[in-house]
Amino acid sequence: MTEFCKEDIFLVTGASSGIGKAIALMLNEQGASVIAIGRNQDRLNALKSEASGSGCIFCEVKELTENIESLPVYVKELKEKYGKLKGLVCAAGVDNPRALQIIEEQMSREVFDINYFAPVFLAKGFADKRNRTQNAGIVFIASSAGVYPDKGQTIYAASKAALIASMKSISKELAPKGVRVNSISPAYVETPMYFKNLENIGTNIEDYPLGIGKPEDVANMAVYLLSDKARWITGQNYVMDGGVF
Amino acid sequence: MDRNEFLTQMQDILQTDEELSFDMNLDDLEEWDSLSKMATVAFLDSNFGVKTTFSDFESIKTIEDIAKKAGI
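If you read the sequences in order, they're chains C and H. Quick note: the first sequence uses the working numbering, first residue 1, plus one each step. Quick note: the second sequence uses the working numbering, first residue 1, plus one each step.
Quick caveat, the hints were computed from the structure, so don't treat them as lab data. We treat Cβ as the ideally placed atom computed from N, Cα and C, and that holds for glycine. Watch out, some of these pointers could steer you wrong.
[Said to hold, decoys possible] Restraint-style ranges between C-beta atoms, simulated for each label pair:
hint	chain 1	residue 1	chain 2	residue 2	range
1	C	151	H	9	46 to 52 Å
2	C	210	H	21	57 to 63 Å
3	C	99	H	50	47 to 53 Å
4	H	53	C	229	40 to 46 Å
5	H	21	C	100	53 to 59 Å
6	H	21	C	173	41 to 47 Å
7	H	68	C	235	36 to 42 Å
8	C	49	H	53	52 to 58 Å
Using the sequences and the hints given, assemble the complete structure.
As structure tokens, then:
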């Protein structure tokens, strides 16, 4: 049984790979239409060719940190192009594990721009009731690092903790308006970002009683939180860590 | 800022598609809640240098009343 119909339009950032891609594909599989935002047209095309659901996949190439202040206007433009949005998934993010002694201000600000400010300003645009359906949902992809940081995550962990805190505040603002807001905090998941950082991370997979996660594990939770089955859930952060806490 | 632009800005503050007019009673708008009042406080401050508090809203009944606060 599908959860959604093709008139249910979801905006998914980071949709060209990893967790964002898995969420976009699963939403589509469940009958929804997806505006897939990524930085790489070829990878977005690949996403589109993999999609098998009855809804549409609309691909949009966008560098989200180029002008963060204008992101609410960007959301409005997408609404005018495709229709009112039922959901927003912010999965675009970056990790750059670094010991405290080698962190730099510019790189730190870049991490905050994509992990924190871009999701918040996208949410600002999405919250405008002219851009969304009456009952709508937001899911931020945070990180278990935002709840229990490890070494080398000074900036990354802070950006995700900030996102979780803002999610809670936003959820209280938007609940009376029919918008539910939640976040998911995965530990290590088999994504390109994970493999890229594997050497720096030094993850011991044996520490994960259930093994490291797959993007689909996170997508299952995201799709549930965006569905009407989760109608009584807002302001929550769900840690998904395979039991490694 | 002229009065037309003021109305457009108020439309963004209230996040409504409804066409606004200066004599519109704010209490008739479901969008006129504590968050939109908070946004109005910031709007008056940053655009007109007018400081307002929540207690000022007790005497604000219409959009015209807000415009008067802004001095336009």
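For each hint, the structure was consulted:
1. At about 48 Å, the beta-carbon gap between residue 151/C and residue 9/H stays in the expected band of 46 to 52 Å.
2. As the Cβ distance of residue 210/C to residue 21/H is approximately 60 Å, the hint placing it in 57 to 63 Å holds.
3. At roughly 49 Å, the beta-carbon separation of residue 99/C and residue 50/H lies within the given 47 to 53 Å, and the hint holds.
4. Taking 40 to 46 Å as the suggested C-beta distance range, the pair residue 53/H and residue 229/C conforms, at roughly 43 Å.
5. Distance hint for residue 21/H and residue 100/C: a CB-CB separation of about 57 Å, consistent with the stated range 53 to 59 Å.
6. About 27 Å separates the C-beta atoms of residue 21/H and residue 173/C, a value inconsistent with the hinted range of 41 to 47 Å.
7. Under the hint 36 to 42 Å, the C-beta atoms of residue 68/H and residue 235/C, about 38 Å apart, fit the expected range.
8. For the hinted restraint 52 to 58 Å between residue 49/C and residue 53/H, the CB-CB distance of approximately 57 Å keeps it satisfied.
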